[in-house]
Structures are given as C-alpha cells and as structure tokens.
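Visitor: Residues per chain, in single letters:
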Amino acid sequence: MFGKTVSYGLLWDFAVSEAVSEDQRWILSTMHKHGQALITVLWRILGNEQDVCDAYQDTFLQLAHYEGGQRPEHVKAYIFRTANNVAISMLRRRMAERKRMSKAIFTGKQVTTPAKELDSKYLQESLRCYIAQLPEHLRNVITLRDLAELSYAQIGRILGISAATARVYRCKALQILTVWMGKEEEK
Amino acid sequence: MTGINKNNKCRRIRGWLSDAISRHFGLDASWLQKHITNCPRCQRRLLSYGKVNLAISAIKSQPHKLDLLMCANAQAIGVLKHSLRRAQKAKKLRTIRPEPKLRERFGKYASSTANIAACIAIMLLMKFGVFSSMDTFQTQGQKVIKQYYASRAGDDLADEIFPTDTNSLSNLI
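Residue numbers (my numbering), protein chains in the order written: chain A, 1 to 187; chain B, 1001 to 1173.
For reference, chain A alone in the conformation it holds in the complex (with noise of 0.2 Å):
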C-alpha cells in the first residue's frame, strides 16, 4: 500500500515537473534566441567575465519568476532591460566598491597624462562608469544603441518610445558625455 502510494506520488510529481516544463520551455527558448545577443551587450557594459554570467544569471532568473512564471508579452524588451538594469547595478556596486578601496581613482586627485588618456582601458573604464551615472532615459538609450548596436527602431519598441524620441535621448546622452569626458580632462 504504502510503497503504490509513493510511487503514485513520483508519477504525480513527474507529470507536475513535466506541466512545468512545457510551461516554461520559452525560458530556453529565449535564451537560444536573444543569449548572444544579451552576453554581447553585458560584455561591453561591463567588462568582466564573471559579472556577465552572474548578470545574465539574474536575468533570466527574473524572467522565471516574473509575475509567478508567466510570460511577458514583450521578452526581447524585457530581457534587454532587465539586463541593462543588472549590469548598470552592478557596475555601480563595483564603482563604489573601488572608490572605497582607493579614494585617489575618481576623486580627481590623480594626474591624467597624455599616454593615460589614450590608454584603452583607461578610456573604457571611464566611459563605463559615466554611463553608470547617466539618467536611467538617457543611459538606457546609449547603451541598446552604441553597446548592444541595436537599431532606433528596435530601441524604441524595447522602451515603449517613438525612434526620433530615441535619437534625440541618443544625441543629448553623448553631450553630457562629452561634457564629463571633457570635464575629467580639465581636472
């Protein structure tokens, strides 16, 4: 009796299991689809291996558990959002992180010579960390268009705004960029 109802209860969790499966298959569904794409643009906004996958974990963690399992009507927009929300906190956690570890870094104490600023990675860097500290419109916009070179079009469907609005985000972000870049060279 007792062994019938465990092996009621397997076939039972199996055939739940097996629900849930077909239920949530789109999860790797869209990871096929958009994973290269996503780790593309996770790469660029951050720079490190490891940040990437554990960003990219969290991201379709949060498709998985978005609105108890159920799909969203946009993925792409959601994912790529989501992703860029991740990363962005991420990078931010690793900016503050390294501003406490050594104050000189952004403090702008330190010199900037002329064979540092042509320094890729010095260059990257800062980028990264001006980005961080764009207005959410604006970075969202700079990162799907310059980082993730997804079109006007398809940035506007991803943000719920027209391509011209997207454009304009576009041009205004790389002012105050361009400002800050410039900004950082005076110091």
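Bear in mind the hints are in silico, worked out from the structure with no lab data behind them.
Be careful, since some hints might not be right.
Derived, one-sided and incomplete: chain A residues facing chain B with beta-carbon distance under 10 Å [stated by the list, open to error]: (1) LEU38; (2) VAL52; (3) TYR56; (4) LEU134; (5) GLU136; (6) LEU147; (7) VAL179; (8) MET181.
From the structure, some residues in chain A lie toward chain B, with a derived Cβ separation under 8 Å [stated by the list, open to error]: (9) LEU28; (10) THR30; (11) HIS32; (12) LYS33; (13) ARG44; (14) GLU49; (15) GLN57; (16) ALA64; (17) MET90; (18) SER126; (19) LEU138; (20) ASP146; (21) VAL168; (22) THR178.
Think of the CB as a built atom: it goes at the ideal place given N, C-alpha and C, for glycine as much as any other residue.
Assemble the complex: chain A is given as a structure, and chain B must be docked to it using the hints.
Guide: Just chain B now, with coordinates in the frame of chain A:
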C-alpha cells in the same frame, strides 16, 4: 496622390534634407573647420567628443572568450527549475558557442552576388528591354529615311540603298 507615393516622396525629401544638413552642418563642413581652428573651447569639445567615440569603439572592439556564452548559459540554467534543467534544449544550451549571424556569414558573397545579378539584369534587358527598343527605333528611322529617298530620288534608288531583307543586303555587298 496615393499614400505610398506620398510616403516615398516624403522619404526622398527626408534623405535630401539629411544630406544637405550633414553637408552644411556636419563635422567636415569648411566653415566649421575654420571656426574650430580658431576656437580653443570648440577644440576642447571636439577632443572630448572624439574621446567618447574612441572609448565606445574600444569597448566594442574588445572580444570576449568564445566559451562565455556556454558558461553563462550553464550558470543561468543551474538556477532554473529542475524540470527545465533536465530538458534536452538545456543540454544543448550548455554546450552552445557563438555563431556569426546569417548576414555576416554570407556578407563576403555580397559583391559577387551583386555582380551576377547585374549580369542577369543586362541579359534580360538585352532580351526584352532596352536593346529591343533600340532595334525598333533603328528600323523606324531607316524607314523614314528610305521614304525620304524614295520621294526625292525614286523608289529604285531607295530600294538599292535600303534593301528590305538581309538577303538583298548581302547581294548588294
């Protein structure tokens, strides 16, 4: 005017406008270059703008490891539900490697494809289009000149100069 024509015209005009604007207000515009050479503030701005562009290009040009997608997939699948982890697709995702896009893969054939398409288009034109029209045009012109000669110098001479079929032309030669 139909909606499609209106849209096409609008698109064309927008293209012209953007060309004209970039010609007159782009970074290569001569008046702007002249100004920049004399304005230290603009020089600084331009330098900073160049730095932003350089940094974006540097970020984009950094490649990541080939197995990054594989590692990220494996890590992400590891926290999903047990049923999903065991799915066949999950196994495939754990070993997947980045592949170039279809456009990138076939990009190298673009120029040769364009050449072949151009050749086919010329052949079609020769068969049905421009060249047959030119042939008709030539025949019509010949007819008119033959009529002119016939009215001025007589039918015999006109027939001699403009034979009606190819056989008579070869006889004449």
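Visitor: Would the hint on A:VAL52 be counted as holding, given a Cβ-Cβ threshold of 10 Å to chain B?
Guide: Since chain B brings a Cβ to about 6 Å from A:VAL52, closer than 10 Å, the hint holds.
Visitor: Taking the least C-beta to C-beta distance, is A:LEU28 closer than 8 Å to chain B?
Guide: With a minimum Cβ separation of about 4 Å from chain B (threshold 8 Å), the hint on A:LEU28 holds.
Visitor: Is the hint on A:ALA64 kept, meaning its closest Cβ partner in chain B is under 8 Å away?
Guide: holds (6 Å)
Visitor: Restraint: A:GLU49 near chain B, CB-CB cut 8 Å. Satisfied or not?
Guide: Given a least distance of 6 Å, the restraint on A:GLU49 holds.
Visitor: Minimum Cβ distance from A:LYS33 to chain B below 8 Å?
Guide: violated (11 Å)
Visitor: With chain B as the partner, please determine if A:SER126 meets the hint condition of a C-beta pair closer than 8 Å.
Guide: holds (7 Å)
Visitor: Should the hint that A:GLU136 touches chain B count as held when the rule is a Cβ pair under 10 Å?
Guide: violated (19 Å)
Visitor: Grab the minimum C-beta distance from A:HIS32 to chain B and call the hint holds if it beats 8 Å, violated otherwise.
Guide: holds (6 Å)
Visitor: Does the nearest C-beta of chain B fall within a distance shorter than 10 Å of the C-beta of A:MET181?
Guide: holds (5 Å)
Visitor: Holds or violated: the hint that A:LEU38 contacts chain B, with Cβ atoms closer than 10 Å.
Guide: Cβ of A:LEU38 sits 8 Å from chain B, so the hint holds.
Visitor: Under 8 Å is the threshold here; is the Cβ of A:MET90 close enough to any Cβ of chain B for the hint to stand?
Guide: violated (14 Å)
Visitor: Tell me if the interface restraint on A:VAL179 is satisfied: Cβ within less than 10 Å of some Cβ in chain B.
Guide: Where the cut-off is 10 Å and the nearest Cβ of chain B is about 7 Å from A:VAL179, the hint holds.
Hints 4, 5, 10, 12, 17, 19 and 21 from the earlier list are contradicted by this structure; the remaining hints agree with it.
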